[in-house]
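K.L.:
Residue numbers (full-length UniProt numbering), protein chains in the order written: chain A, 1 to 321; chain B, 1 to 321.
Calculated from the structure, these hints are not laboratory results.
Predicted, not measured: the structure shown is a model, and the values here were computed from it.
You can't tell identical chains apart in this list, so a pair holds if it fits in one copy or across any two.
Here are the computed lysine to any residue pairs in the SDA-like style, where the Cα-Cα straight-line distance is at most 25 Å:
no., residue 1, residue 2
1, Lys195, Arg41
2, Lys195, Leu206
3, Lys195, Trp260
Number of protein chains: 2
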Amino acid sequence: MSMLNILVTGGAGFIGCHMCERLVERGHHVTAADNLVLGLRDNLSALAGSNSFVFQEMDVTDRPALGALFEQGRFDAVFHLAANSDIARSQADPGVDFVATLDTTYAVLDAMRRHGTKQIIFASTSAVYGEAQGVLREDHGPLLPISHYGAAKLASEAFISSYVANYGLQAWITRFPNVVGDRSTHGAIYDWARKLARTPDRLEVLGNGEQIKPYLHVDDLVDAILVAWDRGDAPVNLFNVGGDTRCSVRDMAGIMVEEWPEAARIDYTGGDRGWVGDVPSVDYDVARIRALGWTPRLNSAEAVRAAARWAIGQVRQASPA
Amino acid sequence: MSMLNILVTGGAGFIGCHMCERLVERGHHVTAADNLVLGLRDNLSALAGSNSFVFQEMDVTDRPALGALFEQGRFDAVFHLAANSDIARSQADPGVDFVATLDTTYAVLDAMRRHGTKQIIFASTSAVYGEAQGVLREDHGPLLPISHYGAAKLASEAFISSYVANYGLQAWITRFPNVVGDRSTHGAIYDWARKLARTPDRLEVLGNGEQIKPYLHVDDLVDAILVAWDRGDAPVNLFNVGGDTRCSVRDMAGIMVEEWPEAARIDYTGGDRGWVGDVPSVDYDVARIRALGWTPRLNSAEAVRAAARWAIGQVRQASPA
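Excised from the complex, chain A in its bound form (with noise of 0.2 Å):
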């Protein structure tokens, strides 16, 4: 594949930081956009001496800004990552998930449409699926999210799938579960290595570990978004993105106070979820994906403890006991 300019929004958030590393080794030019709320400036550090690279501190919605980028950026794809990934957040204000999950891809889908860029990769996420049963297929409906992200989400790849139909875009959507690994914002093991880093002997965790999930690793993550953006040819292409393998919230608390230097022990709080709005247990069917040639090289343990490490890591950098 040539050279292109490539726009990669919520550049400096967890998965975004990750996708501008390989989107640069790949040999492209590309650019960074980030209001860093949630992103961080720091986790682009590797990237700061390339030519190839630039950061732009903006809000995606924020629409003469955005009209200045593409003027100037002339892309010919953008990987549209920019979102309020706090799901738990959003509960007591819909207003996070409708202006930074779904107007910023308003936002992005139409400076395409005025600036003549015409792919898309858009990260969605298994909240579209809602409390669905049985094994999730991406042909499963109806669609009833649970949580505002989930409905910003599966509105954003509504509004993806006219854009394309009018404007001659082509998207490419990838519907992710859980994600884990080094430079996360946010999560469940992020919090947890907060916690411990306040109270070194007691680990509290929401619910009551049965919810069991699949978990994927950022750089397995970025592989699939690669392989689908390569290899689908499809206007729209859609994918459930996610490991055969999954992990209960216990078997995870498990690994982080293995991982923990100092001895913990796990509290529960009770009940079957850890907010309104979190899904107790997902089946996922990722056989489309799969059938591209992707495979993820760590299970759901495997990403967690990655990620566990990482997180103790980081919190023990930060206030060495």
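Position chain B relative to chain A; hints supplied.
P.N.:
Just chain B now, kept in the frame of chain A:
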């Protein structure tokens, strides 16, 4: 059912005015809100003297005005029908549907959350299915709408679902195809009557006439929505609504010129659809709403004929020959 305080958004529109009349007949107190962009005050003339009816000219996306309306109205239920119903128009300006079709829903949902209104009855559309082939059931997926209208309705469904899960609302969503009948404010029959008024011997029809779709009379649709509301008891009740019969554009045009009092020939512009975002063929499974006891009184051709007579009467009343 006891007397309820009900808000009908888009209450002066085509479906809204019929719904207001039926709800007042049932003994409810009805407030209609409409910005009169597509709706017409005259559509509500039959209710002008009623003590059980209030009309409020306003834009539902005006948060302070909507908040004041909810404060005063103490609504038990909202029939959310406000939308941009002119699918063709939004191809040039996607913002029309993002605001009038989606942001209206978000504004209504958030007013319901703030003011404790628990029931939402939502007018969705077969356009959420895009160009999907085969007989479409409610559990069809993935949903890839090809119009911004379909995208905004799907996005609305998504947020309705997350509001139900987070704030204890209950929802009744009906996905319906082309609706025809008296007091229509748009659509092919409406457009054709105006064309015939200008050129009484010639009817220009967009496309090749081969598109074939179900048509539902507005009275049958209002029945279906009320049956769904009366009998659906899930948190989110989702129903396709339509007849078992379909009608081609060619058949519709034939009915139109039969009802037109002068001799007129039909000219087709060619191509398999009238505009980008139009779907050439829809086949629709309505077993779920049928199982609740609803059945349409008029088939597609009868519904088209009733609508044609009304539309012709309107243009001839406006400019008698």
